[in-house]
Structure formats: structure tokens, C-alpha cells
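S.K.: All chains, full assembly: derive it from the sequences and hints.
Counting the sequence shown from 1 gives a position; the working numbering is that position plus 284.
Label-pair ranges, simulated between beta-carbon atoms:
id : residue 1 : residue 2 : range
1  : C338      : P427      : 40 to 46 Å
2  : L391      : A413      : 20 to 26 Å
3  : L376      : P290      : 37 to 43 Å
4  : G311      : E287      : 16 to 22 Å
5  : A362      : Y314      : 18 to 24 Å
6  : W296      : A371      : 25 to 31 Å
7  : R315      : A362      : 15 to 21 Å
8  : A362      : D326      : 25 to 31 Å
9  : D324      : S285      : 20 to 26 Å
10 : V333      : H424      : 38 to 44 Å
11 : K405      : G346      : 28 to 34 Å
These are calculated hints, taken from the structure and not from any lab test. Even glycine gets a Cβ: it sits at the ideal position worked out from N, Cα and C.
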Amino acid sequence: SVEPAPAALRLWVRWRDGTVADIDMTGAVYRVGAFAPLRDPDAFRHVEVIDAGCAISWPETGLDYSSSSLVRLAEEQAPFGAADFVAWQETLHLSNQEAADFLDVSLSTVKNYRSTDGIPKPVRMACRATLRDPHLLQAHFRPRHPGRPSKSAEV
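M.R.: This is the structure:
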């Protein structure tokens with residue numbers, strides 16, 4: 285099911301498994317020209333599920349939005365804190381230093397991400413993107429070997 289949330293341009297979506305997502309549609313409404321009519325709060329409020337749950341629609345405007353796109357918005361807007369960062373690192377088998385190198389941040393910043401929930405949006409986006417697309421990590425990963433470099437490597 286879908287219903288407008290009290291906040292502007294937000295939807296409450298109840299998935300088939302019973303979980304509920306609070307999805308902010310502001311980006312879609314303001315970045316996709318066809319969705320401009322949904323900037324009108326009255327038009328936005330008249331939303332319904334169509335096609336056996338495969339999409340939502342605003343019948344008065346003739347606009348619809350696929351459930352797969354709603355899922356992506358919900359995933360991107362979901363909280364991403366320290367536990368998620370640790371899970372990201374473990375899933376990709378990245379040391380703290382490798383994660384720091386990949387994200388172009390200091391080692392102390394990575395240690396901070398592992399212990400607090402104040403992870404910046406660009407970092408959250410990069411972490412989620414690398415889980416979806418392994419080519420991102422492959423393109424930018426440089427392995428770190430534990431310990432100090434050998435004297436022969438210091439030429």
C-alpha cells in the first residue's frame with residue numbers, strides 16, 4: 285500500500301513483507317521534468333498502487349513510478365551508521381587502511397566511521413554503490429600489505 289506522509293513529498297510505502305518505508309520523493313519530483321505537476325500538494329496526495337504492486341500512480345496527472353525505483357530510493361535513504369560501515373568493510377574484505385585509501389580519507393576518519401553514526405552522505409553513497417557495482421572497487425582499489433615496506437622496496 286502507499287499513502288502520502290505528513291511531510292511534503294514523502295510517501296509511506298508498505299511492502300508485501302509488512303515493512304514500511306518513509307520515502308522522500310523530493311529529488312524525483314524536482315529533477316524529473318515530467319513530475320513537476322506533483323509539486324502541487326493536492327496532486328501528490330492522490331497516489332495509489334497500480335499493476336498489482338508493480339508501480340504507484342497519480343491518476344489525476346497520468347504519472348506513475350515503478351516499485352523497483354521506489355525500492356532503490358528506500359535503500360538509498362535508509363539509515364547507514366557505524367554497524368553498516370563495518371559490515372560494508374567486512375563484505376568487501378577491506379582493512380581500515382584500504383577503506384581509507386579507497387574513500388580518500390584518513391585512517392582516523394575510517395576508525396571514526398566504525399564507531400559513530402555521523403557518516404557523511406557522499407561516503408554512504410559510495411559504500412552502497414560499491415556493494416551494488418563491484419567495478420567501482422576494482423577500478424580504484426589498491427591493496428595494502430601489513431607492516432612496514434621492506435628496505436628493498438624503499439629505493
